Amino acid sequence: EAQVTQNPRYLITVTGKKLTVTCSQNMNHEYMSWYRQDPGLGLRQIYYSMNVEVTDKGDVPEGYKVSRKEKRNFPLILESPSPNQTSLYFCATSATSGYEQYFGPGTRLTVT
Amino acid sequence: AQRVTQPEKLLSVFKGAPVELKCNYSYSGSPELFWYVQYSRQRLQLLLRHISRESIKGFTADLNKGETSFHLKKPFAQEEDSAMYYCASRVTDRGSTLGRLYFGRGTQLTVWP
Numbered sequence: 001e002a003q004v005t006q007n008p009r010y011l012i013t014v015t016g017k018k019l020t021v022t023c024s025q026n027m028n029h030e031y032m033s034w035y036r037q038d039p040g041l042g043l044r045q046i047y048y049s050m051n052v053e054v055t056d057k058g059d060v061p062e063g064y065k066v067s068r069k070e071k072r073n074f075p076l077i078l079e080s081p082s083p084n085q086t087s088l089y090f091c092a093t094s095a096t097s098g099y100e101q102y103f104g105p106g107t108r109l110t111v112t
Numbered sequence: 001a002q003r004v005t006q007p008e009k010l011l012s013v014f015k016g017a018p019v020e021l022k023c024n025y026s027y028s029g030s031p032e033l034f035w036y037v038q039y040s041r042q043r044l045q046l047l048l049r050h051i052s053r054e055s056i057k058g059f060t061a062d063l064n065k066g067e068t069s070f071h072l073k074k075p076f077a078q079e080e081d082s083a084m085y086y087c088a089s090r091v092t093d094r095g096s097t098l099g100r101l102y103f104g105r106g107t108q109l110t111v112w113p
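Those protein sequences? They're chains A and B, same order as listed.
Each residue of the first sequence is one higher than the last, beginning at 1 in this note's numbering.
Each residue of the second sequence is one higher than the last, beginning at 1 in this note's numbering.
These are computed hints drawn from the structure, not numbers from a lab.
Hints may be right or wrong, so weigh each one.
Derived CB-CB ranges, DEER-like [stated by the list, open to error]:
#	chain 1	residue 1	chain 2	residue 2	range
1	B	Pro-113	A	Gly-63	40 to 48 Å
2	B	Thr-5	A	Asn-84	18 to 26 Å
3	A	Asp-56	B	Arg-3	13 to 21 Å
4	B	Phe-76	A	Val-54	41 to 49 Å
5	A	Arg-108	B	Thr-110	19 to 27 Å
6	B	Arg-53	A	Leu-88	29 to 37 Å
7	B	Phe-76	A	Lys-17	49 to 57 Å
8	B	Met-84	A	Thr-110	17 to 25 Å
9	A	Arg-108	B	Thr-5	42 to 50 Å
10	B	Ser-55	A	Lys-17	43 to 51 Å
11	B	Asn-64	A	Glu-70	20 to 28 Å
12	A	Val-54	B	Phe-14	31 to 39 Å
Some chain A residues flagged as far from chain B (calculated, every beta-carbon gap over 12 Å) [unchecked claim]:
#	residue
13	Val-4
14	Pro-8
15	Tyr-10
16	Gly-16
17	Lys-18
18	Gln-37
19	Gln-45
20	Lys-65
21	Ser-67
22	Glu-70
23	Arg-72
24	Ile-77
25	Ser-82
26	Pro-83
27	Thr-96
28	Val-111
From chain B, some residues computed to sit far from chain A (all C-beta separations above 12 Å) [said to hold, decoys possible]:
#	residue
29	Lys-15
30	Gly-16
31	Pro-18
32	Tyr-27
33	Ser-55
34	Glu-67
35	Gly-99
36	Phe-103
37	Val-111
As the structure is a prediction and not an experimental result, all values here were calculated from the model.
Note that CB positions come from ideal geometry on N, CA and C, so glycine has one too.
The whole structure should be built from the sequences, with the hints applied where relevant.
Structural data, given as structure tokens:
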């Protein structure tokens, strides 16, 4: 079964405590991307990866890091989370950047 | 920078009425355009792409380059169409950042019985 999984699904943390949200796909997709969804702002792209070891900034990369060491995984790292990073985060994958994106279930992050 | 505008945050219609969700984009080149839908408690999923020219669940969308629009239409709305709809665009011109995808802010459609 084709899957995009994210972990954790819910996370409450404190300012400054490093965290990682994992994203994994089993569809052998080359393209992976992270978005944040905020009320009234829609989805905004944080980072994307066209393939292994190739990552690039999206619209709102500040405060985030990513890595793509293997095709199936694309973790999102918040080195020093701040309250303005409280949001709903989605990982998405597609065969290439121009094809249908498959979204993960989302991770709701609260930073206090 | 390319931007996608969905002017209506909320849209309500009655069952059986026509519905049109507006989307305008700012790029003058050759964008690819998509509509994604998010039903309650479900993941975002692709509804349609302009290059496939398909009709999905009765929805259609035509790319109008003159008006830089990609409005989503359905002649007879159903209650199950109630969802959040996002328009998205991707630049395809040579030399552009092909991985960038721009989403609008979304339109929450409610179809009343």
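No chain B beta carbon within 12 Å of A:Gln-37's: Not fine: 9 Å to the nearest Cβ puts A:Gln-37 too close to chain B.
A:Lys-18 remote from chain B - nearest C-beta pair above 12 Å: Nearest chain B Cβ is 26 Å from A:Lys-18, so the label holds.
B:Arg-53 versus A:Leu-88 beta-carbon gap, inside 29 to 37 Å or not: 32 Å, holds
Outside-interface status for A:Thr-96 - nearest CB in chain B farther than 12 Å: 9 Å, violated
Consistency of the no-contact label for B:Glu-67, given chain A and a CB cut of 12 Å: Holds, since 21 Å exceeds 12 Å.
Between the beta carbons of B:Asn-64 and A:Glu-70, is the distance compatible with 20 to 28 Å? At roughly 42 Å between Cβ atoms, A:Glu-70 and B:Asn-64 fall outside 20 to 28 Å, so the hint is violated.
Exclusion check [A:Ile-77 not at the chain B interface, CB over 12 Å]: Consistent with the label, A:Ile-77 stays out of reach of chain B, its closest Cβ about 19 Å off (over 12 Å).
Does the claim that A:Ser-67 lies off the interface hold, with its Cβ farther than 12 Å from every Cβ of chain B? 16 Å, holds
When you look at the beta carbon of B:Gly-99, is every beta carbon of chain A farther off than 12 Å? 4 Å, violated
Since A:Pro-83 was said not to touch the interface, does its Cβ keep a gap of more than 12 Å from each Cβ of chain B? Nearest chain B Cβ is 22 Å from A:Pro-83, so the label holds.
B:Pro-18 non-interfacial with respect to chain A [C-beta, more than 12 Å]: At about 24 Å from chain A, B:Pro-18 clears the 12 Å cut-off, so the statement holds.
Would the least Cβ to Cβ distance between A:Gln-45 and chain B come out above 12 Å? The claim is violated: A:Gln-45 sits with its nearest Cβ about 6 Å from chain B, within 12 Å.
Checked against the numbered hints listed earlier, the structure breaks hints 9, 11, 12, 13, 18, 19, 27, 35, 36; every other hint is satisfied.
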